[in-house]
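Make one complex out of these two single chains by using the hints.
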Amino acid sequence: MHAESQIREPLILGNKTYRNITDDIIAPIEGKANRLWYILFTISVLGFMWGIGCLSYTIGVGIGAWGSNNGVDWAWDITNFVWWIGIGHAGTLISAVLLLFRQKWRMAINRSAEAMTIFAVLCAAIFVTLHTGRPWLDYMLFPLPNQFGSLWPNFNSPLLWDVFAVSTYATVSIVFWYIGLIPDFAMVRDRVVKPRMKKIYALLSFGWGGNVRHWSRFEEVSLVLAGLSTPLVFSVHSIVSFDFATSVVPGWHTTIFPPYFVSGAVFSGFAMVLTLMLIVRKVYKLESYITVKHVEYMNIVIIVTGSIVGVAYLTELFVAWYSGVEWEQYAFLNRATGPMWWSYAAMMTCNVISPQLFWFKKLRTNLVFTFVLSIVVNIGMWFERFVIIVPTLCRTYLPSTWNTYTPTFVDVGIFVGTIGMFFTLFLLYSRTFPVIAQAELKSILKSSGEEHKKAAANHAHH
Amino acid sequence: MATKQIIHGIYSDEVPLLEGCTKLRAAGIRIKDVFTPFPVHGIDPIVGVPRTRIAICAFIYGITGLSLATLMMWYMMVSDWPNDIGGKPNWNYYSNIPAFIPITFEATVFCAAHGMSLTYLLRCWLVPGAKAKNPDPRTTDDKFMIYLELNDEQSKKADEILRSTGAEEVNYKGTITIEPKY
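Top line first, the protein sequences correspond to chains C and V. Under my numbering, the residues of the first sequence are numbered 1 to 462, in order. Under my numbering, the residues of the second sequence are numbered 1 to 182, in order.
Treat the hints as calculated values from the structure; they're not laboratory data. Honestly, I wouldn't trust all of these hints.
Stated by the list, open to error - Distance ranges between label pairs, derived from CB positions:
#, chain 1, residue 1, chain 2, residue 2, range
1, C, Val61, V, Pro137, 53 to 61 Å
2, C, Tyr178, V, Ile60, 45 to 53 Å
3, C, Ile303, V, Lys157, 55 to 63 Å
4, V, Ile60, C, Ile174, 21 to 29 Å
What the hints assert, rightly or not - Below, a sample of chain V positions facing chain C; criterion: calculated Cβ distance under 10 Å:
#, residue
5, Phe35
6, Phe38
7, Val47
8, Ala55
9, Tyr94
10, Pro102
11, Ile103
12, Phe110
13, Tyr120
14, Trp125
15, Gly129
16, Ala130
17, Thr140
Claimed, not checked - Computed cross-link-like contacts, SDA-like style, restricted to lysine to any residue with a CA-CA straight-line distance of at most 20 Å:
#, chain 1, residue 1, chain 2, residue 2
18, V, Lys156, V, Ala2
19, C, Lys199, V, Asp13
20, C, Lys16, V, Asp13
Built from N, CA and C at the ideal position, the CB exists for glycine as well.
For reference, chain V alone in the conformation it holds in the complex (with noise of 0.2 Å):
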């Protein structure tokens, strides 16, 4: 069991904030998180947060869209009920394929787009109903907020570090007990 010091170094710009983070991942001490109340570019190598794949998402939901207009299509139009409309007949799949191309881009859209955006939300718990994740409130308005959760001996380092970039105020809220993982 181990018992750890709660700290918010509250920064007023964002130009500090990245030196602070900076200067404490130099130190070797592990930041948190960092509340922002806009997206601070170059910040996420610093802080240690790897590229996001949701993008690989998107690109495997829209090849599902996309199969899955073919299928529909294929078998309402095909095999389920041809139709002969204006001498062109629906025999096959392959020689109607230009009058299928604008629904298969359309449901390839709507599955890469929805899918995406569903898997963003769930993958941040953003659902309507969620408590508030910043425990600052002025981190959305004008203020940059590093969460830091450390020992005590790190949580000297850390302090000294975060006055010397310029933090405006360091709180300290408090500790927490985690239960060590066998």
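Isolated chain C, as found in the complex (with noise of 0.2 Å):
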């Protein structure tokens, strides 16, 4: 058996068994909820409902009920789905890049972190089918033969290498998750009781048995799926970037972009992570799975990837002044000086003053003040999208196109709507589904259990 060191923290608390872990990951599916949970769920609803109102009303009246204008073609629309495809890309990252890199400690996070990504892919679908502004002509964008004299997509448009990233990007880490939760429900099928949940259950565990073949091959295609999975999610924020990148507009047109935008999307999915997995552990008293040591971690992701986007920003306003190009210098002193400062002043505070905080060990490894950082982080990075889109259009080549941005009811409503089809989804998820890979965390009891490092240190001494 593999043996870790003593002197990394143990990554399961307490005395616990094989059995336990099954008790601790079934208990929210056969319980009841509390009263927290319906009255989350009840909000969240509202938001959702809300939401669809707004959806409706702009499908019926045309996208004219948005903020949008002549010159301000992207507002929040776009700004939303970089926001919700970039909380996305942690999922991906803490189930495929963590688990390339063999770091243990995603196995308590990753299940829950891919539902996230899915449900967050969901809500950005919601904004890019709607913003073409004929959402039932969408068809036009996949390479369909029609009538309208053989029409194809154009393939040199970073706009179409969009869909299908992003296509390929929400199938594939829907398969990621199913395939990781196939055991799980197993384990749930062979539990429960219920006769009706029992079926459920069978239904969605498709048969799974458990024996030797099974599990080789559920390993060889977990590695090699997060193989593919690591590229792809560096290709989908990419590809999100180039939408901006290659064109012609002063402030977007930059090389920095793929990397800027790749790192600032793992930054806002860790904070999500963290919003959500900080209620998730409480509410499901799951603190020995989801210790304070894995939110330090998360946290020095935060770090690192704060840094990243920090530094980018600074590179950005360099580059611009070096360049000597006047378009693209007013372009940043608009953004910074401009009718809309205030949106880049709280892009900078929150994205590059707040995570390094976290420098400091109390700071990291205090939860509230984590759960609280770890929102200002996503404002944070909404406005960075925001600043990107809405003052750059406000202020293109021909002062006679200069405009200014106000967003209407509809385009709050819908953001709104995505956030609560976004927690209703995540709350639904979080009582039926196995919340935390337990197959998994099985695996490394034994080597990073408390009871069992603490035995494995006796045994060393002796």
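Have a look at this one:
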């Protein structure tokens, strides 16, 4: 068996057996929801409903209902799209990149992080399908034979690359998530007593047995999927950034965009994982599995990616000055000091300054502080996309096209609706799915469990 | 025609399970299968399971996706309806390759990932509505099971080995008749 260094802190606290892990993970599925769950669920559903209302209104009257205008033709729609897609990236990063790097702490959070990815991509999909203006014609994005004079989509366009990237990303994430879920659904199937639940989980578990061949294939498939998802996740946000970078708009046409977008995505995604996991561990009493050490590891990722984002902001400013291109220089001057300076200030404060506080161990191991900061980071990352899109489009080449922008209640409504939908789905997920990959967790109990580590230490001394 | 005894050897830990498997194999007893709640590393060579070739499938599916994407973009952009976009005409595939890289990559990943996952599900027969393949439901929780199909003489030997290596239970689950293969 693989022995782990005593210097590493245990990943599973308390004296747990395999049975305890099963019991703890199945408790939210078998038990009844508490009042807090119902309150959160009601609020989320109400937000979701409002979003559906605004969405239907948009489909009915067209995107003139939004604040977008002739100059500012991308606004909240694309801001929200990029924000949600970015949030999704942490799930893939945790399950794929950390698997390749053999980081065992991922096992407590990967399931929920992947669920978050899928829900976030669904939210993002709402904005891209809607922003085309006539969503019923969205099938024209796909390379289908048609009666319009063999009109094919333009494969030279980054917007079409995005269609392929996001749909590949969404489907591969779902498959990766589901393949990991099958053994855990089987555990639920074999444990629950209510006949109807047994039937549902039997259907979901696809007849999993857990024999040697299946596990050996399972591990190989997980590894190869991780290997495929890792470049995929980098490509998706690079391509999202190409939507901007391949244009000729000053402030967008920069080569730094792909790495800057990817690190920003991981940054905001980890913040959202923290927001969700801090609630989940508390509500479902999973403190033994999602420990303070896990939170600290995630906060370290936040420092790293937050610093990359900070460096990217400063590099952008430097390159604008150094390039000598006055359009470029004005674009950045306008972002920082123009009419929407407050959004730039919010972005800088939330994304560059606030994560640096995590250099203090006291702060990055403080759960309340982490929770607040994770929300601050997500607000900051929303403003980053807003700053890139709106102030830039308000001041393009021709001063005669200069414009301003105010969102309408429909813009706000759809955004709030996606947040509502995200939490509705997550709350439903957390009561019906095994929220921790228990099979994987059982495989590290002996090497990383607290009591097992203590026993190993005592054994070494004698 | 041969009649064989079905034996379930149940363990509560993976270490004695591995020991039991090793000893059974050393005694020349064929292990039909082992059911575990999580992947037990190092069990494959002991039980005699060869390394899966599913990664090779993924590679082949990936190459297929790459070829399909190339063929699609060549047909649509170059052969069927060449466009001149921003002074950059699509008269041949070669000069437009940089613009085609993202979709070529995405299609490669798409086909590799989905092809491999589908192969995995079908090869293990994990489909909606399939019957649970573990004979004892406790093996998804905290028990480990060695599944044997043996004749009477081997059954006795296996029983001894299972008990001596710490099996909690040795359950006899009836017999099956195996038709000889001609």
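* Asked: Does the CB of V/Pro102 sit less than 10 Å away from some CB of chain C?
  -> Since chain C brings a Cβ to about 4 Å from V/Pro102, closer than 10 Å, the hint holds.
* Asked: Close enough to count: is the Cβ of V/Trp125 nearer than 10 Å to one in chain C?
  -> Since the shortest Cβ distance to chain C is 7 Å, the answer is holds.
* To do: Please verify that hint: V/Tyr94, Cβ, nearest Cβ of chain C, below 10 Å or not.
  => With a closest approach of 14 Å, the V/Tyr94 hint is violated.
* Asked: Is it true that the C-beta distance of V/Ile60 to C/Ile174 lies inside 21 to 29 Å, as the hint says?
  -> Hint holds: Cβ distance 23 Å, inside 21 to 29 Å.
* Between C/Tyr178 and V/Ile60, does the beta-carbon spacing fit 45 to 53 Å? -> Violated: the Cβ-Cβ distance is about 23 Å, outside 45 to 53 Å.
* Are V/Ala130 and chain C close enough, Cβ to Cβ, to be under 10 Å, as the hint says? -> holds (3 Å)
* Restraint satisfaction for V/Phe110 [CB to CB of chain C, less than 10 Å] -> V/Phe110 check passes; min Cβ-Cβ to chain C is 5 Å, inside 10 Å.
* Asked: Does the nearest C-beta of chain C fall within a distance shorter than 10 Å of the C-beta of V/Ala55?
  -> holds (5 Å)
* To do: Using 10 Å as the Cβ threshold, decide whether V/Val47 counts as touching chain C.
  => holds (5 Å)
* **Hinted pair C/Lys16 and V/Asp13, Cα distance within 20 Å** => Answer holds: C/Lys16 to V/Asp13 is near 14 Å, not above 20 Å.
* Residue hint V/Tyr120, partner chain C, criterion CB-CB below 10 Å -> holds (5 Å)
* To do: Report holds or violated for the interface hint on V/Phe38, using the least CB-CB distance to chain C and a cut-off of 10 Å.
  => holds (4 Å)
Checked against the numbered hints above, the structure violates hints 2, 9, 19; every other hint is satisfied.
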